[in-house]
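Peer 1: These are the residues of each chain, in order.
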Amino acid sequence: MFKKVLIANRGEIALRIIRTCQEMGVLTVAVYSEADALALHVLEADEAVLLGKSEPSESYLHIDKLLAAAKRTGAEAVHPGYGFLAENPDFAEACEASGLAFIGPPSKVIRDLGSKTVARRIMTSAGVPVIPGMLEAATDVALLSKEADRIGYPVLVKAVAGGGGKGMRVVSRADEFTEACLSAGSEAEKAFGNGALYLEKRLESPRHVEFQVLADQQGHVVHLFERECSIQRRHQKIIEETPSPALNPVLREAMGRAAVSAAQASGYVNAGTVEFLLDGSGQFYFLEVNTRLQVEHPITEMTTGLDLVRQQLQIAAGSPLAFTQADVVPRGHALECRVYAEDPENRFFPSPGLVLLHREPSGPGIRNDCGIYEGFRIPVEYDPIISKLVVAAGNREAAIRRMIRALEHYLIAGVRTTIPFLIDVLESREFRRGSTHTDFIDRHFGEWTQSREHGDLARMAYVIDELASPGRISAAAKVAGVPTPWQRLGGWNL
Amino acid sequence: MKYRLKLGEDISDLHVLKSESPDTLRFVADDSEQDVIFRVFDGSRYQLTVGGRSTEAFVLRGDQGKHVIVKGRSFFVQDADELPQRRAGAGRDEDLPGEVTPPMPAVVVRILVKEGDRVEKGRGLVVVTAMKMETTLAAPKDGIVKRINTSVHAKVAPGDILVEMEAETHE
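Residue numbers (the working numbering), protein chains in the order written: chain A, 1 to 494; chain B, 1 to 171.
Derived by calculation from the structure, the hints in this document are not laboratory data.
Please note: incorrect hints may appear among the correct ones.
[Claimed, not checked] Pairwise CB distance ranges (calculated):
#: 1; chain 1: A; residue 1: Gly-434; chain 2: B; residue 2: Thr-136; range: 33 to 41 Å
#: 2; chain 1: B; residue 1: Thr-136; chain 2: A; residue 2: Lys-146; range: 30 to 38 Å
#: 3; chain 1: A; residue 1: Glu-34; chain 2: B; residue 2: Lys-132; range: 43 to 51 Å
#: 4; chain 1: A; residue 1: Gln-264; chain 2: B; residue 2: Ile-161; range: 32 to 40 Å
Here the structure is a predicted model, which means the values were calculated and not measured.
Cβ atoms here follow ideal geometry from the backbone N, Cα and C, with glycine treated the same way.
Bound-form chain A, shown alone (with noise of 0.2 Å):
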């Protein structure tokens, strides 16, 4: 086993990672921005090494100044986390050119699983089924035009090199085609400098249900069952949950089967996620292997109770799998609630700022893989997760009362939180019924806003505040000596 691991990643995920290090004995390295010198990593690795500016690029992005900083302390091996150089092949090759073991699948397959049409043709050639549409990408829009014509609408335009949603379009008619093109291409030129296209057929409705995969470097590949993430908002995900409410145990099988089948065409290497679309019949579509730790890992651990951490250091320091797909048997139910400092009654706007009140939910079953701490300052230049809530119990329902639990008792304030927005789609008929697509948010919780019923108690408390806290003069009645609440509230005439 490796002595030392540089984590070349910030927030809740990297002390995610130095927690399953710390148990195994393994040292780690901290790195961090200037924005993050006061971060919790910092504090919990073993050493900390600053990248310099805030920027991304001048810190979590620089692969030279990672690559000097595995280096100097004398790493032997990165985990890149997830987000940032994750999924960037370069980085991968970087660290194998320089010696140092990447926690993670070989370049080359990162780079062929980056590109969304060579991993279209190879999950084409092992016979694990694509969504319908194109196996190479285009730029002319001629040619785009008579594939969507073969393909049928609605479709949806894709940029090859993409994510996130950016430079994806959906076209339901031929005479809106041109225009998505143009502004899809030139959107994917300026995110990834590159706009090349392609395009699948839109799917009315479906789920996302996407499969855990373990393989080591002797060849043997397992799944680890199934994350159902349908609830997202701008295409991420903000609820997961295993198992899936949607698949009985043929399809389970079968969707197991070819997400194992993706891995070993692939020549995947480490923890990954084979990500499908399944349709309201039943059958389900590749869309993408996601070549790192997902940020919902840790349901798959509450159920299975491996430590997908602590499999993907074994895996990168050549040991094979200590066990074999009929050791693997999940049990009972888990939820993960990604609590984000963004503003949900405000289209999800970011919150970034100072955390004046922050106190974790506990009691059994429940798990906060948490970033931040009161008095924190969070950044505005990185991704607004403040950390992921996850639970696990019997059976769904179960899991489900648990998490508005922990929902209800997870206290944040300075910053807006997407806490009260969760609590309301867990408490929801559609989601208690299983209903959960992809169009979830959209469809029900569009024009979401907290409850009346709950704003009248905040009022009452402000109130309450202000009569009964003696000790808590504003800063505008000390100056202008007007008498405080306390005072007021006994001159009172009933």
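Got chain A; can you put chain B on it based on the hints?
Peer 2: Okay, now just chain B, sitting in the frame of chain A:
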């Protein structure tokens, strides 16, 4: 005692009456009346009992109001009487402020206009980014860009006036 409290966009009146017991207040809103028994746990932690059911509440003072959390839901509550009054007739374009400020702490990525430009209402002026999300700040009304007070890469916050506009003088 009467309070006018602003929560989100909603301003409502709340009458508060003292009762026989020092730990009970009576809240009177438009159509309802409720007794609330309260207990102070520490400077910011309260227990509110309404209709026999107890709720924990946290109240923290911010710059221009209080952050209140009840049952995992956080609210920003302000005393409407202490807020700057809106100008009469607000709603007409001419009365909108000609100053453009970001809705959240952010970093300026692009400036789309220059001083002296004539712009129409809704035209993008400045693009800011926060937490990987880009937002375009648009002209609140037709007019002329009078001054640009920011530059690319600048860190900005709500209240900072990034662009000042003035109404076009009609000929």
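Peer 1: If a hint holds in the structure, say so; if it doesn't, say that too.
Peer 2: Quick rundown of the hints versus the structure:
{"no.": "1", "hint": "A:Gly-434 / B:Thr-136: 33 to 41 Å", "in the structure": "holds, 38 Å"}
{"no.": "2", "hint": "B:Thr-136 / A:Lys-146: 30 to 38 Å", "in the structure": "holds, 35 Å"}
{"no.": "3", "hint": "A:Glu-34 / B:Lys-132: 43 to 51 Å", "in the structure": "violated, 18 Å"}
{"no.": "4", "hint": "A:Gln-264 / B:Ile-161: 32 to 40 Å", "in the structure": "violated, 59 Å"}
In this structure, the earlier hints numbered 3, 4 are contradicted, and the remaining ones agree with it.
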